[in-house]
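Trainee: So the protein sequences, as listed, match chains A and B.
Heads up, the first sequence is in this note's numbering, so the first residue is 1 and it goes up one at a time.
Heads up, the second sequence is in this note's numbering, so the first residue is 1 and it goes up one at a time.
Hint data in this document are derived by calculation from the structure and do not stem from the laboratory.
Don't be surprised by glycine CBs; every beta carbon is placed ideally from N, CA and C.
Incorrect hints may have been included.
As the list claims (entries may be wrong) - Subject to a maximum C-alpha distance of 30 angstroms in a straight line, what follows is the list of computed BS3-like cross-link-like pairs (lysine-lysine): (1) A/322 x A/293; (2) A/322 x B/99; (3) B/71 x A/359; (4) A/361 x B/11; (5) A/359 x B/99; (6) A/352 x B/17; (7) B/99 x A/361; (8) A/322 x B/17; (9) A/322 x B/54; (10) A/322 x B/11; (11) B/2 x A/352; (12) A/361 x B/111; (13) B/2 x A/322; (14) B/17 x B/54; (15) A/74 x A/49; (16) B/11 x B/54; (17) A/352 x B/93; (18) A/281 x A/223; (19) B/99 x A/352; (20) B/99 x B/17; (21) B/2 x A/361; (22) B/2 x A/359; (23) A/359 x B/93; (24) A/383 x B/93; (25) A/293 x B/17; (26) B/17 x A/346.
What the hints assert, rightly or not - According to the in silico footprint, chain A covers these stretches of chain B (three or more CB under 8 angstroms from chain A): (27) 33–42; (28) 45–58.
Said to hold, decoys possible - Not close to chain B: a few residues of chain A, all C-beta gaps over 12 angstroms, as computed: (29) 45; (30) 181; (31) 187; (32) 223; (33) 254; (34) 280; (35) 293; (36) 331; (37) 356; (38) 357; (39) 360; (40) 377.
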Amino acid sequence: MNGQQFRNNSLLAELFRQEYPKMTAVLCRRFGLEHMEIAEDMISDAFLKASEHWAVNGVPENPAAWLYTVAKNKARDHLKHVSLFETRVAGNIKPEEGENEPDFGFGSGYMEDSQLAMIFAVCDPDNSAEGQICLALQILCGFSVEEIANAFLTGLETIRKRLYRAKTRLRDSGFQIRTLSAASMQARLDTVLKTIYLLFNEGYFSKTNDQLIRNELCAEAMKLAVILTDNPLTDTAQTKALLALMCYQASRLDARTAGTGEMILFEEQDQNLWNQELIEKGNYYLVNACQDKQVSRYHLEAAIAYWHAHPAAPDRWQHILKLYNQLILIEYSPIAALNRAFALAKVYGHEKAILETEKLKLVDNDQYHKLLGYLYEYVDAGKAIDHYRRALQLTGASPARLVLERKIERLTGI
Amino acid sequence: MKEFMLIFRIKDIEDFKPTPEQIQERLNWLAGIAAQNKLVDQGNSLSPFTGSAKTVRSGNDVTDGPYTEIKEFIVGYIIVRAETIDEAVEMAKENTIFKLGGNVEVREVIKHKLH
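Work out the full structure: start from the sequences and follow the hints.
Mentor: Take a look at the structure:
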């Protein structure tokens with residue numbers, strides 16, 4: 001199922017993105033994940049019907065409600081049909097207890113719960129990170145296969161395969177989307193947060209130059225986090241910290257690329273382009289995230305982002321270094337190690353930072369050589385050039401190449 | 001890769017209360033090892049104070065305070081990952097405990113397999 005056939009009609013495309021995830025969530029909750037493709041087919045049919053009907057009769061006053069009604073009727077017909085022939089299946093799709101009117105709850109309340117349940121069903125700790133993001137984009141964010149392929153700079157077939165594997169897993173997982181318990185939510189919340197974090201980073205550090213795709217990925221990740229903060233069971237300190245982190249990062253999205261699509265280094269960003277409203281939202285969520293004593297990686301990263309968003313503070317690099325120290329003690333990652341070394345340079349100077357960075361021995365990492373190139377610039381121009389050249393060799397086709405080439409030119413020109 | 005425990009000792013109980021600068025320096029050192037992905041266990045500090053430390057000897061002989069027969073006592077430990085003991089020694093050399101007149105003992109960890 002993909003939204004490509006509706007792309008020509010911008011209203012339908014927009015509706016698809018907005019409503020498809022919600023409708024899937026509601027219908028899957030009713031039919032069970034094992035019958036997911038029935039739900040998907042019905043929703044596709046509803047959109048197809050809309051494109052035909054609206055072209056002739058005009059767009060209805062409330063297009064979303066129109067779509068819900070069609071999907072609802074299709075689901076009802078389907079239920080009637082199967083109950084005649086397959087009592088076994090029908091047994092599986094009895095209305096939930098305490099719910100007498102099978103109206104498929106496209107109303108508020110039921111829909112939010114269904115969306116939340118779907119998020120938890122999709123975020124399976126056993127999925128590969130790539131499969132996980134693809135699945136989240138399609139089912140939770142209403143992205144088409146084409147849009148996912150564009151975001152990843154990957155072929156359609158690869159994405160289709162990833163989705164196929166992840167979806168088979170989801171169907172066979174036996175995850176109880178209909179009766180989502182507090183216990184199963186707690187058990188999966190870490191994976192849910194990690195998926196949202198990956199989704200956001202996919203947008204924030206995207207390989208693609210398409211600013212629109214980047215912004216959309218980041219916005220979708222934030223939307224999912226907001227759904228989590230709306231439910232007391234999932235509105236934990238970690239969720240708030242993650243949302244704070246995303247607000248701070250997103251506040252810089254517009255400043256991150258120059259007109260040429262080339263990445264702008266942090267220090268060279270135009271701070272006037274930072275989105276003050278998002279920074280304030282970040283502050284709000286971070287303060288709320290710190291009500292209890294819990295410290296997660298999201299807390300630390302949000303706090304680091306906070307200091308980056310407040311460059312006037314004179315001792316901010318000391319704070320950032322301390323936070324990176326804590327972060328690296330919670331969980332090692334090459335990028336955290338390199339960022340820590342950069343903060344170390346800001347606090348203790350380049351020579352000390354060079355010693356610390358060289359110990360990292362991340363010789364196949366382009367960022368490692370980029371950092372050493374930067375640190376050596378004022379210490380040993382020859383070594384700086386060597387490292388920038390090595391970084392260039394390790395950097396694929398990317399806007400970062402231009403920056404490196406310019407640095408090498410400038411250093412060799414001296 | 002082998003694992004080594006670094007055991008920290010000091011002589012003067014007063015030195016167990018480090019200044020904020022000393023704490024920061026120690027944390028920088030520890031994070032520096034973690035940044036190389038060589039920290040196995042960030043260990044713990046061991047309190048040497050009365051009421052938190054006792055030494056038990058044969059014959060039900062219990063005395064207050066840590067074991068000090070060698071005129072110094074253990075204040076903490078961490079476990080690192082290294083190819084050789086020399087590499088672990090290099091890590092230990094950069095610790096700030098020497099400024100306090102302390103020392104670091106480096107010991108390879110031998111893991112017993114459970115049958």
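Trainee: Each hint needs a verdict: does it hold in this structure or not?
Mentor: Do the hints match the structure? See the list:
A threshold of 30 angstroms between alpha carbons decides the hint, and for residue 322 of chain A with residue 293 of chain A the separation of about 17 angstroms falls inside it, so the pair holds. Distance check on the hinted pair: residue 322 of chain A and residue 99 of chain B sit about 22 angstroms apart at the alpha-carbon level, within 30 angstroms; holds. With a C-alpha separation of about 35 angstroms, the suggested pairing of residue 71 of chain B with residue 359 of chain A is violated against the 30 angstroms cut-off. Taking the CA atoms of residue 361 of chain A and residue 11 of chain B, the gap is near 36 angstroms; set against the 30 angstroms cutoff, the hint is violated.
Restraint check: the Cα-Cα separation between residue 359 of chain A and residue 99 of chain B comes to about 23 angstroms, which is no more than 30 angstroms; the hinted pair holds. Taken as a hint, the residue 352 of chain A and residue 17 of chain B pair is honoured in the structure, with Cα atoms around 27 angstroms apart against an allowance of 30 angstroms. Taken as a hint, the residue 99 of chain B and residue 361 of chain A pair is honoured in the structure, with Cα atoms around 28 angstroms apart against an allowance of 30 angstroms. At most 30 angstroms may separate the alpha-carbon atoms for a hinted pair to count; residue 322 of chain A and residue 17 of chain B meet this at roughly 20 angstroms.
With a C-alpha separation of about 34 angstroms, the suggested pairing of residue 322 of chain A with residue 54 of chain B is violated against the 30 angstroms cut-off. With a C-alpha separation of about 29 angstroms, the suggested pairing of residue 322 of chain A with residue 11 of chain B holds against the 30 angstroms cut-off. Restraint check for residue 2 of chain B and residue 352 of chain A: the C-alpha separation of about 28 angstroms stays at or below 30 angstroms, so the hint holds. Pair hint residue 361 of chain A plus residue 111 of chain B holds up; C-alpha atoms about 28 angstroms apart against a cutoff of 30 angstroms.
Annotation: proposed proximity of residue 2 of chain B to residue 322 of chain A holds, straight-line Cα distance about 29 angstroms (limit 30 angstroms). For the hint linking residue 17 of chain B to residue 54 of chain B, the alpha-carbon distance of about 19 angstroms falls within 30 angstroms, and the restraint holds. A C-alpha spacing of about 11 angstroms is found between residue 74 of chain A and residue 49 of chain A, which places the hinted pair at or below 30 angstroms, so the restraint holds. With a CA separation close to 17 angstroms, the supplied pair residue 11 of chain B and residue 54 of chain B stays within the 30 angstroms bound.
Of the pairs offered as hints, the one joining residue 352 of chain A and residue 93 of chain B holds, with about 16 angstroms between alpha carbons and a cut-off of 30 angstroms not exceeded. For the suggested pair residue 281 of chain A and residue 223 of chain A, the alpha carbons sit about 14 angstroms apart, so the restraint of at most 30 angstroms is met. A distance of roughly 19 angstroms separates the Cα atoms of residue 99 of chain B and residue 352 of chain A; the hinted pair therefore holds under the 30 angstroms criterion. In summary, the hint linking residue 99 of chain B to residue 17 of chain B is supported, as the alpha carbons are separated by about 14 angstroms, within the 30 angstroms threshold.
Straight-line distance between C-alpha atoms of residue 2 of chain B and residue 361 of chain A comes to about 18 angstroms, which keeps the hinted pair within the 30 angstroms bound. A threshold of 30 angstroms between alpha carbons decides the hint, and for residue 2 of chain B with residue 359 of chain A the separation of about 18 angstroms falls inside it, so the pair holds. Distance hint between residue 359 of chain A and residue 93 of chain B is fulfilled; the C-alpha atoms sit about 15 angstroms from each other, no more than 30 angstroms. At most 30 angstroms may separate the alpha-carbon atoms for a hinted pair to count; residue 383 of chain A and residue 93 of chain B meet this at roughly 27 angstroms.
With a C-alpha separation of about 24 angstroms, the suggested pair residue 293 of chain A and residue 17 of chain B falls inside the 30 angstroms cut-off, and the hint holds. For the hint linking residue 17 of chain B to residue 346 of chain A, the alpha-carbon distance of about 28 angstroms falls within 30 angstroms, and the restraint holds. Counting residues of the region 33–42 of chain B whose CB lies closer than 8 angstroms to any CB of chain A gives 6, so the stated coverage by that chain holds, three being the minimum. Look at the region 45–58 of chain B against chain A: 0 of its residues bring a Cβ nearer than 8 angstroms to a Cβ of that chain, fewer than three, so the hint is violated.
Distance check for residue 45 of chain A against chain B: the nearest CB is about 52 angstroms away, which clears 12 angstroms, and the non-interface claim stands. Distance check on residue 181 of chain A: its Cβ is at least 35 angstroms (rounded) from any Cβ of chain B, clearing the 12 angstroms threshold; non-interface status holds. Listed as a non-interface residue, residue 187 of chain A keeps its Cβ farther than 12 angstroms from every Cβ of chain B; the least gap is roughly 26 angstroms. Residue 223 of chain A, annotated as away from the interface, keeps every beta carbon of chain B farther than 12 angstroms; the closest lies near 34 angstroms.
At roughly 32 angstroms, the least C-beta separation between residue 254 of chain A and chain B is larger than 12 angstroms, which holds for a residue marked as non-interface. Listed as a non-interface residue, residue 280 of chain A keeps its Cβ farther than 12 angstroms from every Cβ of chain B; the least gap is roughly 31 angstroms. The Cβ of residue 293 of chain A lies farther than 12 angstroms from every Cβ of chain B, with a closest approach of about 18 angstroms, so its non-interface assignment holds. Listed as a non-interface residue, residue 331 of chain A fails to keep its Cβ farther than 12 angstroms from every Cβ of chain B; the least gap is roughly 9 angstroms.
Annotated as non-interface, residue 356 of chain A brings its C-beta within 12 angstroms of a C-beta of chain B; the closest such distance is 6 angstroms. The beta carbon of residue 357 of chain A sits about 9 angstroms from the closest Cβ of chain B, which is not more than 12 angstroms, so the claim that it is off the interface is violated. Non-interface status of residue 360 of chain A relative to chain B is broken: a Cβ of that chain comes within 12 angstroms, the nearest being about 6 angstroms off. Here residue 377 of chain A stays apart from chain B, with its beta-carbon at least about 22 angstroms from theirs, past the 12 angstroms limit.
In summary, the structure is inconsistent with hints 3, 4, 9, 28, 36, 37, 38 and 39 from the numbered list given earlier, while agreeing with the others.
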